[in-house]
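Model the placement of chain R with the ligand on the given structure of chain L, informed by the hints.
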Amino acid sequence: MTDDVWILGITMTKFGKYPDRDIVDLAAEAARGAIADAGIGMSDIGVLAAGNYMGGDGLLGPGRLGQALQKQIGQTGVPVYNVMNACATGATALRTVLMAIKAGETDIGLAVGAEKLSGAGLLGSGGAGKADGAEFTPSGRVGQVAPLDGRIGTETMPGVFAQVGMEYTHRYGKGGFELFARISEKNHAHSTLNPLAAYTKRLTLDQIMNDVMVAYPNTRPMCSANCDGASAAVLVSGERLKRMDPDQRRRAVKISASVLTSDPWTEACQVLPDINTLTRNAAEQAYTAAGVAPEDLDLVELHDCFATAELVHYDNLMLCEPGGAVDLFESGATWRDGRLPVNVSGGLQSKGHPIAATGIANVWEVCHHLRGEAGDRQIDGARVGLAHVIGLGSACGVHILERAA
Amino acid sequence: MAQQVPLVDYLVLDEPPHLLAHECTQCRARYFDHRNACARCFGAEFRDVAVVGEGEVRSFTIVSFAAPGVAVPFVAAVVDCDGTSVKGNIINTPSDPDHVRLGMKVRLATYVVGTDSSGTEAVGFGFEPAQV
Ligand SMILES: [Zn+2]
Chain L
1 MTDDVWILGI
11 TMTKFGKYPD
21 RDIVDLAAEA
31 ARGAIADAGI
41 GMSDIGVLAA
51 GNYMGGDGLL
61 GPGRLGQALQ
71 KQIGQTGVPV
81 YNVMNACATG
91 ATALRTVLMA
101 IKAGETDIGL
111 AVGAEKLSGA
121 GLLGSGGAGK
131 ADGAEFTPSG
141 RVGQVAPLDG
151 RIGTETMPGV
161 FAQVGMEYTH
171 RYGKGGFELF
181 ARISEKNHAH
191 STLNPLAAYT
201 KRLTLDQIMN
211 DVMVAYPNTR
221 PMCSANCDGA
231 SAAVLVSGER
241 LKRMDPDQRR
251 RAVKISASVL
261 TSDPWTEACQ
271 VLPDINTLTR
281 NAAEQAYTAA
291 GVAPEDLDLV
301 ELHDCFATAE
311 LVHYDNLMLC
321 EPGGAVDLFE
331 SGATWRDGRL
341 PVNVSGGLQS
351 KGHPIAATGI
361 ANVWEVCHHL
371 RGEAGDRQID
381 GARVGLAHVI
391 GLGSACGVHI
401 LERAA
Chain R
1 MAQQVPLVDY
11 LVLDEPPHLL
21 AHECTQCRAR
31 YFDHRNACAR
41 CFGAEFRDVA
51 VVGEGEVRSF
61 TIVSFAAPGV
71 AVPFVAAVVD
81 CDGTSVKGNI
91 INTPSDPDHV
101 RLGMKVRLAT
111 YVVGTDSSGT
121 EAVGFGFEPA
131 QV
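Each protein sequence line maps, in turn, to chains L and R. When we follow full-length UniProt numbering, the leftmost residue of the first sequence carries the number 1, and every step to the right adds one. When we follow full-length UniProt numbering, the leftmost residue of the second sequence carries the number 1, and every step to the right adds one.
One thing to keep in mind: the hints can contain errors.
To be verified - Restricting the straight-line Cα-Cα distance to at most 25 Å, the calculated cross-link-like pairs of lysine to any residue (SDA-like) are:
hint	chain 1	residue 1	chain 2	residue 2
1	L	K14	L	R32
2	R	K87	L	T266
3	R	K105	L	R171
4	L	K71	L	S43
5	L	K174	R	D98
6	R	K87	L	P147
7	L	K174	L	G332
No lab work stands behind these hints, which were simulated from the structure alone.
Just chain L, same shape as in the assembly (with noise of 0.2 Å):
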């Protein structure tokens, strides 16, 4: 118990349109808010990972979001990393405090991750670039005399998302358009009870699949929603958290998992990103590094940037036999009433997806249900959950979390 490290304090604001605040003051309120939850003070925290992925207001840049919340929160001249992975981010900061913890640098440290998205448009699409005009010149790895976005595939995230579920879908000969709608359909039916998501209204499956398509089987609220937000945690070495107050104690959450992944190298991945191969090394990593088992867990909160995600990662992280997501899914078992609830918090697709503060948001929620705090919304009895969040390109993060004994 010595040996683990523990989430003392964690907090996030609520998702959604912040327009007359910057990157900064969000998580400056999430930090502070993250101190104060762990009950100990900024003159405590020993390390400062910040997570930041797109710049904006109040920033020097992307990724330089460490020393300016320093600025607004305390200068304590502690160690700052700023870190950026895609949509892993938030994970990443909070496993680089975890690393610096367990290195022995510090007994407690802070990961904040914090994104102003709102009206951000579409992801990953690099634009139609140059105009005719010009002579042809090749350039680039493969020689391209032209933009090739809508061309050679796409590079939106909703397209390249929808192809990983129709893959899937493929292999298997089962889903299609109607099975993601319904998946779509159980996260916003979630969210009603998740009072910080950015959209809290129960859609109908008609509703879903008639709304405005994006990129088929992707509907727009199959898609997660751009907002602004942020999140923070304070990590505790099991040595220090020993010596702290039985309150303190008693809400503390174990880190029992805490893996990161690259994608490995598979056939395909030169023309489709491969996101699950390494999602299912970092399970079978986090459950081993556990001791636990998928069947153990009493919720998951996983990555389902689009409604055609969810379903590749309930057998990414071995919540079902391979193939069987489909069939698990058609179960009634991922929503909150079922065996294996997962996103209960409404998923990225009503929570939103504030980049940088996804990967903390996550293993927040989880949190929420072991301290037994998560009010309307509480998974009874909650225990063991996990968390995982994916960025494209690719980085996987997997937390498993445990109540207090």
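Positioned in the frame of chain L, the structure of chain R with the ligand alone reads:
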């Protein structure tokens, strides 16, 4: 006839047009882009090999929203060409789920993408339904 250049250097405008992959001489992993070394086995020697021009749609999406300047809708797909996965659009058929299906047989086809100031045409590729 106007002078033509390929949209990408792995498209060869011979008769018939075909795709060329850089194959690792050690492990046979194939790449369309130039690699410093093999991502699979770390070997640094490659040879060019022709990719079969017929295949099967393993995955697709119909993109309705794209960056400004990108014409929509279009079908982006992954095509299994006899064991080599290729990224390309499904062309010469309507962009809807009634005309594009998982597992459908397709074949490589080329088309003119645009013309530059000197009158040279850029030729791109896609996959069209194979008539069976
Ligand atoms: Zn090789």
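Evaluation of the provided hints:
no., hint, result
1, K14(L) x R32(L), "15 Å, holds"
2, K87(R) x T266(L), "15 Å, holds"
3, K105(R) x R171(L), "16 Å, holds"
4, K71(L) x S43(L), "14 Å, holds"
5, K174(L) x D98(R), "17 Å, holds"
6, K87(R) x P147(L), "15 Å, holds"
7, K174(L) x G332(L), "16 Å, holds"
Checked against the numbered hints listed earlier, the structure breaks none of them; every hint is satisfied.
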